[in-house]
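Here the protein sequences come in this chain order: A, B, C, D, E, F, G and H.
Residue numbering for the first sequence is 1 to 224, as defined by this note's numbering.
Residue numbering for the second sequence is 225 to 448, as defined by this note's numbering.
Residue numbering for the third sequence is 449 to 672, as defined by this note's numbering.
Residue numbering for the fourth sequence is 673 to 896, as defined by this note's numbering.
Residue numbering for the fifth sequence is 897 to 1120, as defined by this note's numbering.
Residue numbering for the sixth sequence is 1121 to 1344, as defined by this note's numbering.
Residue numbering for the seventh sequence is 1345 to 1568, as defined by this note's numbering.
Residue numbering for the eighth sequence is 1569 to 1792, as defined by this note's numbering.
Incorrect hints may appear among the rest.
Said to hold, decoys possible - Covered stretches of chain F, as calculated for chain G (at least 3 residues, CB under 8 Å):
#1 1177-1188
#2 1304-1312
#3 1320-1334
If you're looking for bench data, these hints aren't it; they were derived computationally from the structure.
No residue lacks a Cβ here, since even glycine has one placed at the ideal position from N, Cα and C.
There are 8 protein chains.
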Amino acid sequence: NRTGVVEAILADCKEPEDVVEIARVMVEKSKRALVTRASASHVEALMKVFGSEKLEWNSRARTVIIHDGTPAPRTGGVVGVISAGTADIPAAEEARVIASEMGCETIAVYDVGVAGIHRLIPELQKLKLRNPGAIVVAAGREGTLPTIVSGLVDVPVVGLPVSTGYGAGGGGKAALLSMLQSCSTLAVVNIDAGFVAGAYAARIANMIAAAGAEKKTEEAEQED
Amino acid sequence: NRTGVVEAILADCKEPEDVVEIARVMVEKSKRALVTRASASHVEALMKVFGSEKLEWNSRARTVIIHDGTPAPRTGGVVGVISAGTADIPAAEEARVIASEMGCETIAVYDVGVAGIHRLIPELQKLKLRNPGAIVVAAGREGTLPTIVSGLVDVPVVGLPVSTGYGAGGGGKAALLSMLQSCSTLAVVNIDAGFVAGAYAARIANMIAAAGAEKKTEEAEQED
Amino acid sequence: NRTGVVEAILADCKEPEDVVEIARVMVEKSKRALVTRASASHVEALMKVFGSEKLEWNSRARTVIIHDGTPAPRTGGVVGVISAGTADIPAAEEARVIASEMGCETIAVYDVGVAGIHRLIPELQKLKLRNPGAIVVAAGREGTLPTIVSGLVDVPVVGLPVSTGYGAGGGGKAALLSMLQSCSTLAVVNIDAGFVAGAYAARIANMIAAAGAEKKTEEAEQED
Amino acid sequence: NRTGVVEAILADCKEPEDVVEIARVMVEKSKRALVTRASASHVEALMKVFGSEKLEWNSRARTVIIHDGTPAPRTGGVVGVISAGTADIPAAEEARVIASEMGCETIAVYDVGVAGIHRLIPELQKLKLRNPGAIVVAAGREGTLPTIVSGLVDVPVVGLPVSTGYGAGGGGKAALLSMLQSCSTLAVVNIDAGFVAGAYAARIANMIAAAGAEKKTEEAEQED
Amino acid sequence: NRTGVVEAILADCKEPEDVVEIARVMVEKSKRALVTRASASHVEALMKVFGSEKLEWNSRARTVIIHDGTPAPRTGGVVGVISAGTADIPAAEEARVIASEMGCETIAVYDVGVAGIHRLIPELQKLKLRNPGAIVVAAGREGTLPTIVSGLVDVPVVGLPVSTGYGAGGGGKAALLSMLQSCSTLAVVNIDAGFVAGAYAARIANMIAAAGAEKKTEEAEQED
Amino acid sequence: NRTGVVEAILADCKEPEDVVEIARVMVEKSKRALVTRASASHVEALMKVFGSEKLEWNSRARTVIIHDGTPAPRTGGVVGVISAGTADIPAAEEARVIASEMGCETIAVYDVGVAGIHRLIPELQKLKLRNPGAIVVAAGREGTLPTIVSGLVDVPVVGLPVSTGYGAGGGGKAALLSMLQSCSTLAVVNIDAGFVAGAYAARIANMIAAAGAEKKTEEAEQED
Amino acid sequence: NRTGVVEAILADCKEPEDVVEIARVMVEKSKRALVTRASASHVEALMKVFGSEKLEWNSRARTVIIHDGTPAPRTGGVVGVISAGTADIPAAEEARVIASEMGCETIAVYDVGVAGIHRLIPELQKLKLRNPGAIVVAAGREGTLPTIVSGLVDVPVVGLPVSTGYGAGGGGKAALLSMLQSCSTLAVVNIDAGFVAGAYAARIANMIAAAGAEKKTEEAEQED
Amino acid sequence: NRTGVVEAILADCKEPEDVVEIARVMVEKSKRALVTRASASHVEALMKVFGSEKLEWNSRARTVIIHDGTPAPRTGGVVGVISAGTADIPAAEEARVIASEMGCETIAVYDVGVAGIHRLIPELQKLKLRNPGAIVVAAGREGTLPTIVSGLVDVPVVGLPVSTGYGAGGGGKAALLSMLQSCSTLAVVNIDAGFVAGAYAARIANMIAAAGAEKKTEEAEQED
Ligand SMILES: Nc1ncnc2c1ncn2[C@@H]1O[C@H](COP(=O)(O)O)[C@@H](O)[C@H]1O
Ligand SMILES: Nc1ncnc2c1ncn2[C@@H]1O[C@H](COP(=O)(O)O)[C@@H](O)[C@H]1O
Ligand SMILES: Nc1ncnc2c1ncn2[C@@H]1O[C@H](COP(=O)(O)O)[C@@H](O)[C@H]1O
Ligand SMILES: Nc1ncnc2c1ncn2[C@@H]1O[C@H](COP(=O)(O)O)[C@@H](O)[C@H]1O
Ligand SMILES: [Mg+2]
Ligand SMILES: [Mg+2]
Ligand SMILES: [Mg+2]
Ligand SMILES: [Mg+2]
Ligand SMILES: [Mg+2]
Ligand SMILES: [Mg+2]
Ligand SMILES: [Mg+2]
Ligand SMILES: [Mg+2]
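Please build the complete structure, drawing on both the sequences and the hints.
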C-alpha cells in the first residue's frame, strides 16, 4: 500500500491504557504505529511500555511513532511544509510527521510570513530546487500565506488554516474563509487538520514519485 | 469646517424627486451637493433639473456632484486609493470621490492585486513620493491587499472590504474578517462602505495638511 | 507553462462588449481564450464577433472557448470528474472544461450518487483503469460522495460542494462542512468553485504526467 | 402507559442529594427511576443510598437505573442502535438505555462506519432479521451513516448527530446539517440528544408491537 | 414495495419538457408518477401531454400526480397532518399528498394554532379516534405547535418547520431550532421539507398497518 | 425617584474588596445597596463587613441586598414572575429581586411549563386576581411559555430567555429567537438578563400604580 | 376588550380577493378592520369594494383601516413613537397606527437621531409633558437611539430595530443586538416588527389609563 | 523609524522562559522591549531576570516594558483614549501603553459612558484643547460611545470593541457590529485589539506631529 494513507490512533478522547493497547496490536501487525494528538499522559504511558528507544515523540506535533527499529519505507515523494508564525508550527509539524510516516521526504520552512515576505521568495527558490510534489502551507489569523505561495509556484498547495487569532474571525475562521475565497488555485482542509493536510500532500507526492518510477520500469522493460 | 465630513444625500431608498428637492436646498445653502448610491433614474432626474454642466456624474462610484461652478475648496490633504481588481473599483471610486469632495488630492492605483503583486512595490514607491496622509485599500474575496500594503508603508491604511466572492465567506465576509485578523496595523470600515473609508482617510489627511499649515502660520507669527 | 493554471475571463459582472474585447486580445496573444460563467448575452456577443466555428460553447458548464483552429496542447494528465445528481452537473462540467483546457484528458462519471451507491463501485473500477492523477467529486445537499470515493481510491480527491438544497445547511453549506469534517483524506474548494477544482486537479494530474515524461527523458539521456 | 415516554431525572445541573431525593420519591411511586447525564458524584451518592444491587449504572451512557428488583415491563417493541465510531457510543448508549427502559428489546451495532462500509451491509442484514420497529443511527463529524442506512432499509431511521469533530462544522454541526439535507428519508433529533432519539424510536417500536398485539386480541374476540 | 418511499420527480430546477419526459417513463413503468414543487409552467406542460383526467394537481401542495386511472394502492396506514396557520398549509399539504401516495389515509387538521389553542384539544381527540400511526405537525415562526401536540399524544410526531417569519429567526430558523430544543419527544425534518415529513410519517404508519395485518395472517394460519 | 431603575453593583468581574467598598459608599448615600451576580467569595466578604443582619442573600438569584434596617419603599406596583422549569429559576429570581427592590410586590409562579400546561391556566387565574402590572416569563430550551402566557392575559409580558439547552439552538438561542418570532404580543430582553426583565416590569407596574395614586390625589384636590 | 390587542389582517402572502373577503366579515362583526403590510394591489381591491370614504390608507405604514364611519374607541392611553432617520419611518408608522387603532393617542417624533442628538433633549421634554405610558423607539443601522432615550426617561421604552444598513450587521442585525446589549432598561421586539411594538406599547399605555380611570371610579363609589 | 509600529512580544501562548529570552535579545538590540498579554507567571519570570527597576508593569493593560533606563523617544504625537466602563479599561490601557511606547503623549478619559453622557461633553472639550491627533474609544456591550464621540469631534476616531456582555451579541459582537454600522465616520479594529488600536492611533498622531515639524524645518531652511 505504497501511496495509501497511514492509519493513526487519534489519542484525543482515549484513555492512556486504551492507546497503549491499540498501539501494541498495531505494532505487532504492521511493525509501526502512529499516535496523534497525544497528551503528556499518553506519552508517559507509551514510554513505560515501549521504552524510549522504539519511540519517537514530537512534542510540537503532539505525535508519537512506535516502531521495532526498522525504518519507515521511503517512497521518493517530496513534501514541502511552510508556516507563517510560531503559533502555526504545531499544525505544520503534525502535517510533516504524517507525510514523513507515509514515506515522503519533508522540507520544513517555518520562518516566513506576511511580515517577513521578503524572506519568502528566496526560501521558495530553494524549496523548488528540491522538486516537491506538494506543499502544505499553514497559516492562522488572516491566512494569507497559502494564497501568496500558490501564486508563485506550479506545485499543488494545500491550505491548512490554524486556530489562532481572537475576536471576529478568530480561532481559524478568517483563515479558512480567506483560503476558500483565494484568487490563487488552492485546496483546503479544515482548521488545525494537520493530519489531513499531511496525508493529502503525501498522496499527491507519492503518486508523482510512483509515476516516475513506473516510467523507469516501463522503459527498462521496453529496452529489454 | 475644513476637516469636517462632507454631508451627502444617500439616494438609495429615496425617490428621484425627493433627491432633487434635497439637492436643491443643499446647493442653495452650501453651493455644492453630493449624491451617493445614485441609480440611473436619480441621475436622469438630477440632469433634467440642474443641467449637465453643473453636474459631475461618476458612473462607477455611483456619485453625482452638483455645484454652481465654484470649484471645491482644496485642503492640501493627499489620499491614496488602491484596489486589487476590477470588481473593487466601485467601492474604491466612491471613497475617492468623497475624499476629493472633502478637499483632498486623490491618487488612484487600481491595477495591482495579489496576482500582480510584483507590480505593487513600484506603484507604492511612486505613491509614497506624493506623501499621502492616508491610504484606502479596497479588496474583495480573501481581502489580502490591505495587510500587505500596511506592512510596506508607515501611512495609516484604511481597509475597505468589497462584497465580491461567492460561497463561504463570500459577499465581502472573508475580506472583512481577514482585515480584522490582519497582522499588520490596520483599521477597517464595513463591507462596501466606500463613503466611510473616503471620509475617514480625508479626515486624517486634512489634519496632517492642517498641522503643516498651522506650524507655518505659527512661525510666521513668531517671526514678526 | 505546461502545468500552469489557464487564464480565464470571468464573464459574471462584465458587459458583453468588454468580454468580447478582452477575449480578442487574449486570442491574439495566446491563440485561445476561455470565458467562464457566461450568460446568454455574453455567448451571443462572442458568437457575433468570432463566429460559431471558432467557438466551443458548453451551456451546462457556462463556458466558452475561443480558438483559431489549433487544438489545445495535451499534457498527458488524466482527471476524473464524478457527480452525484443532475443539479451538480454545472459545477462538475465547469471543472471538467477547465481541466481539459489545461491539457488533461477528462473522464466524466455523472450518474452515481448515494441513492445509486451500488452503481458507484463498478464505475470507480472503470475509472481506475484509466489511471487518473486526480478526481474531482461534486456533491450538493449533504455532500457525502467525496468522502465515499476518497475511501475507495488512492488518488487525491478534490471535494467540490454544490449550492443545492433548501432550509438549514442549504445552498451548499452542509456539503462544504461535511467535506471539511470528512473521515477520508480529502481537500476541498469553495461552494460552486468548479474553476478552482478543475484547475487544482489538473495541476496534480499534469505534475504526475510530467514526472513520467521527465523520467523517460532522463533515462533516454543516460542511455546515450 | 405502555407506549408513553419514560420520565427521567436529568442529573446534569442538580446536586447529588437532590437527585437522590427525587429518585427516592420516584421509586416509591413507580418502582423504578431513571437518571441520565449522571456524573461520578451522582453515581456515588445514589450507590450509597440504594446499594449496588438495585442500581444499574451504564458508565458510557451516563445513566443509572434504580429499581426494586422487579424487571422493567416488556412491550415487544424492537429498536436497533447503530453507531459509526468510538466517539459516538455515549450518545448511542443513552438512546439504547432509554429505549430499553421504555420496554423495548434493543440491538446495538457499534462497529460500522463510512470507513468500514463493507461491514455495514451484512450487519444490516442480521439486524433486519430481528424486525426492528425503528433504528437510531448515531454519527459525528460529517454524519453520513444515517443517510446510508436509511437508503438500505424500510424501517424509520432516527438520525442522532454527535458532538465530535473540530474546526468548521465541528461539535456535531456538520453532522446535524447533513442529516437535515439528507437525500434519504430521515428524521433527526438535536446534537447529543440520545434521550430523545431513544424515546422516539421506542414510541414507534411500541406502537408497532401494540398494533400486532391488538389485532391478535381483536381476532381472538371476533372468534368468540 | 408496500412501505417503501414513493419516488418523486422534483420539478424545481427542471425544464417542463424534461419533467414531462421523466413522468412519461415513470407512468409507463409504474402506472403512476408524482411530481413535486411544480410551477405553473410544469403543470401546463403536463396537462397538455397527459390530459386533465389522468392528472391530479394540488396547487397548494404544488404536486401533480399522473396515473392511468388505477387508484393508488392502500396500505391501511393512517397519517395525521396538523398545521398552525394559513402560511403553513403548502408544506403540510405536500406532506399529506406524499403520505397519501404512499398508501396512507390522511387526516388534515389545518385550523389550530397557539392562538386558537382551545380548539386544539377537541380536534386532537377526534384525530386520536382514527388511530393515526404518525402525525406531521407543520409550524412556522416560533414553531410551538409540534411540542404541544407531542406532549398530548402517544403517537410519533414529525416536526415540520415552515419558512415563515421575518427578522431574527425568520425563514423557519426559529421554528427549526425550537423543535430541536423541544421538551417533548419529537423528531424533525428540514425547513419546508414536506416531502420528507410525509414520507417519514407514512413509513411509520405503514409499518404499524403491516404489523397488524401480519398478526392477522399469522393467526389465521395458526388457526388452520 | 419612585419609578426609576434601581442602581446595582454588578459583582461579576469585580474583586470582593471592591464590591464591599462600592457597597459601603452606596449604603451611606442611599441606605440600601443591591449587589447582583455575587459569587460565594463576594457574599463572604460582604457578610464579614456588614454582618448577616443587615444583609439579605438570595443564593438562587445570586443577589445580596444590604440595608440599614429601613425596609425598601413600597410603590404599590405588582409584578408576576413565571418560570417553566427548575433551570429557569435563577434568572426568574434575579428579575423578582430587582422588581421587589424597585418597590413592587412580586408574585412567583415557578412550577408550570409546557409539560405541565394544564396547571398553567388555574395558576394564571390566581395571578390575575392580584392585578399584576406586568409579568416576567422566564423560559429556556425552546422558550414557548411567554408566547402562551401572553395569549391568555391582557397584561404586558416580558419574555426572559434562559441559557439552557445543548446542541443547535442551545444556550438560550432558540428561546430568544422563538420569543422574537412569537405570534403573541411580547417584548423580550437578552438571554439571562433577569436584571433588565425585572427592572422593565417594575417600570411598567410602578407607572400603573402611580397613575392610580395620582388620580386619587387629583380628585382629592378637586374635591377640596 | 378595551386593552386587548387589535386583530389585524396580515396582507403579505394573501391574494387581494382573500383580504377583501376577510375584511368584509370583520367589518360586519366588529365595525372596523385593520389590514397590515398591504401592497398597492391590496389597497386597490379594498378601495373598489369599500370606497375611499370608509377607508384610511397610510402608505408609509402600509396599513389600511376600514370602518363604517364610527370612530375607533378611545382609551385615554398615550403612546410616543420616536425614530432616528427617514428609513425608520415605515416601521415607526406601523407601530403608531396599531397603537392608535387600539385606542391610544399617539405622538410621533420622527426627526431626531444620533447625528441630531442636540434636538433630542427638547423633543423629549415636550413628549414628557404629554405623559406617554410607553415610548416606541425605532432605529436601524447601529440602533443607538432606544438606549439613549431609555436613559433619559422613566417611561417603558420598546426598542424597534429596523432593517436598514448594508454589510456586516446590516438588515437590522446590529440594531437588534445592540438593543439586547443595551445598558439602559429596554425591552425589544423583532426587526421591522412595528405591529408588535405598537401593540405592546398600547397594552402598557391602556393599562395605565385604565388604572387612573378605575381609581376615579372607585373613589367616586366610596364617596357615595 | 519614528512613526513605525513598535514591535511587541505577545506573551499569550509563550512559555515564561521563551518570553524572557526574546526580551533579552530585543533589549540588547533596541534598548527597550514591550511584552503584551502578560500573565502573572510571565511577569514573575521577567522580574527575576531584569529586576524591578528596569521594568514597568501595567497590570490592567497586562503589559510589561523593559528598558535600560533611557526613556522612550518622544514624537510630539498626542493620542486620546476614552472608555465607557470599568470593564473596558484593560483594552483601553493596552492601547494607551502601545501609543505611549510609540512616542505619543496619551490622555486617558475613562469615566464616561452612555449612562454618564452629560459628563462626556465637558471631558471632550478638555481633550480637544490638548490637540489629539487621534482618539481611541473603547466600548463593550452595545458599543455606542465611539459613534457619539466621532459625531462631536473632527479628529479620527478608532473604535475598539471590548468583549463584554453576555447573551446574544455578547463577547463584543454587538459592539463590533454597531461600530461597523455607525452613522458617524469611524474606523474599527477587532474585538479586544487594544494593541492595533493604539498603534493605529499613534501612526496617525505621529504623522501629524511630523508634518508640523517638517514644515518648521522647511521654513527654517527657507529663511536661511
Ligand atoms: N490528528 C488527527 N486528525 C484527524 N484525523 C485523525 C487524526 N489522527 C488520526 N486520525 C484519523 O482518525 C481515525 C482514527 O480514529 P479512532 O478509530 O477513533 O482512533 C483514523 O481514520 C485516522 O486516520
Ligand atoms: N454611500 C453612503 N454610504 C454610507 N453613508 C452615506 C452614504 N452617502 C451618504 N451617507 C450618509 O448618510 C446620511 C444621509 O442619510 P439621509 O439623511 O437618509 O440622506 C448622512 O450622514 C451621510 O453622510
Ligand atoms: N419536494 C421534495 N423535497 C425533497 N426531496 C424531494 C422532493 N421531491 C422529490 N424529492 C426527492 O428528490 C429526488 C429526486 O431528485 P431528481 O432526481 O433531481 O428528480 C428523489 O430522491 C425524490 O425522492
Ligand atoms: N445583573 C446585571 N445585569 C445587567 N446589568 C446589571 C446587573 N447588575 C447591575 N447592572 C447594571 O450595570 C451597571 C453597573 O455597572 P458597574 O458600574 O460596572 O458596576 C449599572 O448600570 C447597573 O444598573
Ligand atoms: Mg497568516
Ligand atoms: Mg483581495
Ligand atoms: Mg450528496
Ligand atoms: Mg460519520
Ligand atoms: Mg407556530
Ligand atoms: Mg420552555
Ligand atoms: Mg440608529
Ligand atoms: Mg458601550
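| According to a criterion of three or more residues whose C-beta lies within less than 8 Å of a C-beta of chain G, is the region 1320-1334 of chain F covered? | holds (count 10)
| field | Given coverage of the region 1304-1312 of chain F by chain G, checked by CB-CB distance under 8 Å (3 or more) | value | holds (count 6)
| query | Has the region 1177-1188 of chain F got at least three residues whose CB is nearer than 8 Å to a CB belonging to chain G? | reply | violated (count 0)
Checked against the numbered hints given earlier, this structure breaks only hint 1.
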